[in-house]
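Note that the protein sequences, when read in sequence, are chains A and B.
Quick note: UniProt numbering has the first sequence finishing at residue 310, numbered continuously throughout.
Quick note: UniProt numbering has the second sequence finishing at residue 1013, numbered continuously throughout.
What the hints contain is simulated information worked out from the structure, not anything from laboratory work.
Each hint should be verified, as a subset may be incorrect.
[To be verified] Okay, derived cross-link-like pairs now, DMTMM-like style, lysine to aspartate or glutamate, Cα gap no bigger than 25 angstroms in a straight line: (1) Lys-296(A) <-> Glu-179(B); (2) Lys-926(B) <-> Glu-253(A); (3) Lys-41(B) <-> Asp-245(A); (4) Lys-149(B) <-> Asp-165(B); (5) Lys-296(A) <-> Glu-267(B); (6) Lys-295(A) <-> Glu-179(B); (7) Lys-256(B) <-> Asp-231(B); (8) Lys-301(A) <-> Glu-602(B).
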Amino acid sequence: MGKSSKDKRDLYYRKAKEQGYRARSAFKLLQLNEQFHFLDDPNLKRVVDLCAAPGSWSQVLSRKLFDEGAGGDSEGRKIVAVDLQPMSPISHVTTLQADITHPKTLARILKLFGNEKADFVCSDGAPDVTGLHDLDEYVQQQLIMSALQLTACILKKGGIFVAKIFRGRDIDMLYSQLGHLFDKIVCAKPRSSRGTSLEAFIVCLGYNPPSNWTPKLDVNTSVDEFFQGCSLNRLCISDKLSHWDEEERNIAEFMACGSLESFDSDATYHDLPSSIASNPSSLDPVQSPTNPPYKKAMELKRSGKLTRSV
Amino acid sequence: MKNVSHYGPALCVKFHNDYVLAGYGPFIHVYDYHSGTLINKCRLFHCNKVHGISVSTEGEVLTYGARSVSVVKLEHVLKKDSLVHSERMNSDWVTFGEFSFDRSQIYLLTCYNKVLICDFDCEVLSSKSLGGERSILYSGIIKVFGPDKVYINAGTVMGGVIVWDLFSETQIHNLLGHEGSIFYVNLSNNGRFLASCSDDRSIRLWDLHTGKELSVGWSHTARIWNLKFFDNDTTLISVSEDSTCRIWNIVESREKIAELFISNVYEVHLTKSIWGVDVKEDDMIAVTSGNDGRLKLIDLLQLERNGDEETSFTLDDISQQCDIVFEQNESVKGFQGFSFGVVVITSSGKILQFSDVTKQWKLLLIDEKFVSYPITNGIQTQNIVVFSNSKSDIRMVKFSEKGSDIIQTEEFHVDELSKMNNCLVTEYSDNSFLLTLQSPNPRDKFLCLEISSQDLKIKAKHSFDKPENFASSCLASFQNYILVGSRFSTVVIYNLLDDNEEPFIIRRLSPGDTTTSIKFVENKNGSAVFSVTNRDGYYVFIEVRKSHSENLHCHLSYKVLHSNKMMKGYLEGAFFNPDGEYITYGFKSSLFYLYNETNCYELASEVCGGAHRLWKLCAVNNGHLLMYVKASRFHLRKIYNSIVPETLEKGIHGREIRDISICPSASDNTNNNFKNGHIFCTASEDTTLKLGYFSNKTGEVKNFWTQRKHVSGLQRCQFINNKLMISSSAREELFLWELNDKYNKRPYITIRQILPTSTNNPDLRIMDFDVKFVHQSNDFILATVYSDSTIKIWHYKENENKFELVMQGRYKTCCLFNIAFIALKDQLLVVVSPTNGYLVVYNVTEFIPFTIDATSSDLVDTRLGTAISNLPAPVSQLQVHQSGIKSLDYVVDSTRTSAAILTGGDDNGLGLSSLVLDNTNTAVLKISDFITAAASSTITSGMLINGGEEAITTSVDQVIRTWKITAGKLSLAERERTTVADTGSLDVITNHGDTDFDKTILIGGVGLSIWKE
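Use the sequences and the hints to build the structure in full.
Here it is as structure tokens:
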């Protein structure tokens, strides 16, 4: 399939290329912002983008906080993007190639913020999907909890946390857990996220941890140990595995984001709508595709070396 | 609600003595693998899935999955329904569990590379870890070598395999080489090797002492999920997302220490993912468990269990063995297999026999008439071999029962034919068989000789006219008819009672190559069913009917009952095995394959060089014999019937079921075979439709067919009456299928018509459709909605078998998920649901070529013109949901003035709306009730039942909910968990005469569950 056919099939992909975003997921954050306006706050100073590579959310943050000025003063604004993978530079964004679970990473961010806390933390990270739905959902929730550990140490009271979720069997457990740390939890679905996908975003408003709890990152403590003392845990660490018990579950409010006039990611478009048809020739992807781990296997398959000779 | 049966992924599988234990959702199933019987289904967990099982020699069973762990006795697993009281919960995901060396404790490896040492009550005695950096594990195993030597092997998400000693809590190796997440690790029993696999699709073999990478194995075409050493650590078995199981030899050498060589590939599961594997080493039987729910037993000694599976000879070998002198350039030109062995003819006319008992060759006779281009055939049951040549000579030889003697031989010349280019044989009666002889000369007749099986004399001779372009390729007899397959996908039927009767010609049964086999299948009430295979990969079942006209002249007519295409390659033939499963064979590039088409798995394969070889497949006593010539060697490959059941569970789709439809029973259903349950079909993401049958009582599902006509993942399937079914998918594919369930052995299904398409856009999906029949007619109108916002209405005329476009237009640009025809009074309304959460109503009454009866709301055909009209403007629009409406169902009230519409959304909401036709015939939509958090994730399907007094919904949170509806208000009645992930489809049928339950509910997603209410 040629370049232009993918453009037609996916208008957000096309639009991302047009506007110089590294991935179509940029529009997910933009549409979340259309609903919540968290990036339009003139007092927004320090933001952290976790699991940031290839960097489309950082690009949105950069444009919102600096280029568009967010109706306020760019003075004192700082964006830090963290990922284990390397990222090409983005203006106004400090990128750290680091592990979000490590205390050193926390220290580096705090140093960059001059020991002031962040106003906004987001994560668009997703793990490898295996097809085992329970495992995939669990790993995604663990990724969120890892992001949340760092967030708990760095987010100011009243701050906002946004992360990608998969809405599966146990998503209501996550809503319930996050409810212990934030004033309001919303499950938001931007129109640029396909309706047929389980993907959605959790928007946690008003960071409000228990007053008697001091979060502390330590590589030797588990996620459960970390959140001891803020009654978020399913379990207490004991010397006995507990009996089965129905976990606390809570269904968060749902909110569709992005105007109904925005492109529908489930729709088939035959012709490019006039709003993005200004440049008729196909554009090259802004960020060339990364090297997948199975690149060599693909090459062997292409050259006929994986055919059944036995 | 009560769950009566479940089919879905089996995540793990384990041999223990004569048992196979497999994890199905929260259950362990136990089978006797020799007999294939299911011994028990025992529930271990409340809702978590069983991911791993370990059984101790003392008969303790350790089960783990997600955060759940349980230690129970095997004797209880064998007998009890439920052991959920033993379930214990850990705070983290348990990746692996194992018994200690003395089996007094258990070790649990968590996904954060920590090991809990517990007693059997799951009391934590101590906890071990490496400390330092921690990252989540996708895989890890615990290998117990001795009381003090336990190795933890953890596969990280960063491409490393960390090997550490449990008791000293020290790292032994961090093996680096893979790219991407490590999906499985295993150790050899002798402690020499470690094998790992990752997202990079390779298997790596490591020296456990030095940590050196010894070998990289490439062969799988997708991710590998499980690995195991067996056969004294000389062999490795792997299972993968590519649905294959592969065998690797570990070849040790001085230079390289050890290397991996791929030695076998088994294509035994459906797309996609085999999760579990185990090997019973003393029997050399493997078992694999897949996302398709199949448990497949594989004989690892398929090529050596009997010792004579593979033999091959050059003429030199034969010459040395039995003192025959062959000419230079002499070669094998024909062969026929019998239960006693093989009869071969060479290019010099030497007729040789190979005994299967003595494994010796002997020369039977030399017939120089057959020096070139001999054609060899045989009647296996009568031990008769038939040779023919281009000069119209025939020689037949009949052997004694054990093949040791020639008891009859006969030869003659066929004077009627100037030349002869084909000779076919088939059994005919108890004491005779048929030969058909064909000449390349179009003016020559087509001859059919009836030959006595006793004395090989000609009993009767028929000569028939040949149709144009006729080239006989296969032959079958039925009653007094012969059916002759030909090139160009043609079958010609001749009446042996009347040589002058016009042949009955069936052309173009498939796109068109040579017909490769014709087999009688079954008959009923004067109709007979035949299976016809074609080299182009299609198989077709035809019904041939004999009817008598007024002058007592006999007419034949035919109808295609079933048509399907093999995945790839050439189809050379097919037959039914004793279990009634359809077995096909043919070639895929250089590979010969034997395939169970009913259940979709390969039975055997042989690298023989491809279809252009001289080859033949014969049924023998306990299996099949494949004979072929490759590189001047004559090969005999015996494919024995499996010594163990081929499967313990046959399984279902390997990917998500997107839609389910139960076939409504006809009121005049006279077929007793299908009266205690229902025929149903499932439409899957794997691009196939399956036609199956479930028992009302047990919920047991039997699959008949897997239709491959769609080329992309299915959106919908729906029986529109008891004979017709419609399915839709991307590429604007919408097929009208016709079901035939009147025969005893199985139902058949074939495409009756294909909906015309408008573009070549591969992404354009037909998201949904609805049908309304014309009153007292089999004609109907069809409404289709597309992913580009198009709405179309079609008129299907049964007589013409044609879809005519009646109306078309677009809503906006957004995708439309659902459509329904709702007829109120004398108005026909169309309700669609776009991705924006609206319900949009169109009144199409004036735009269709029918009138609507004011009292019954039936469509009445008034033969109005059929100009294509444009979609009118909507008459009503109402936003019910915030985003896409995933399910839509409705019930019309008895006065036919209003309808209740149930909608389930991506916004977790469940809506109940009313559509009312007011006095001016204006359609008015109103929301009666809306439950905002009706589920914790997307509601994917919902149905109104009991005339709209109740509703059932399924959602991605894996909960089935039933709702009561009173005065337009919804209230939750019942909620039950299902283990079916990505729950996405639902159908309900009311059973008549069933006392316990009156409804059967089918739930589809990743798997299929049957419930009763």
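* If you check each hint against the structure, which ones fail? -> Violated hints: none; all satisfied.
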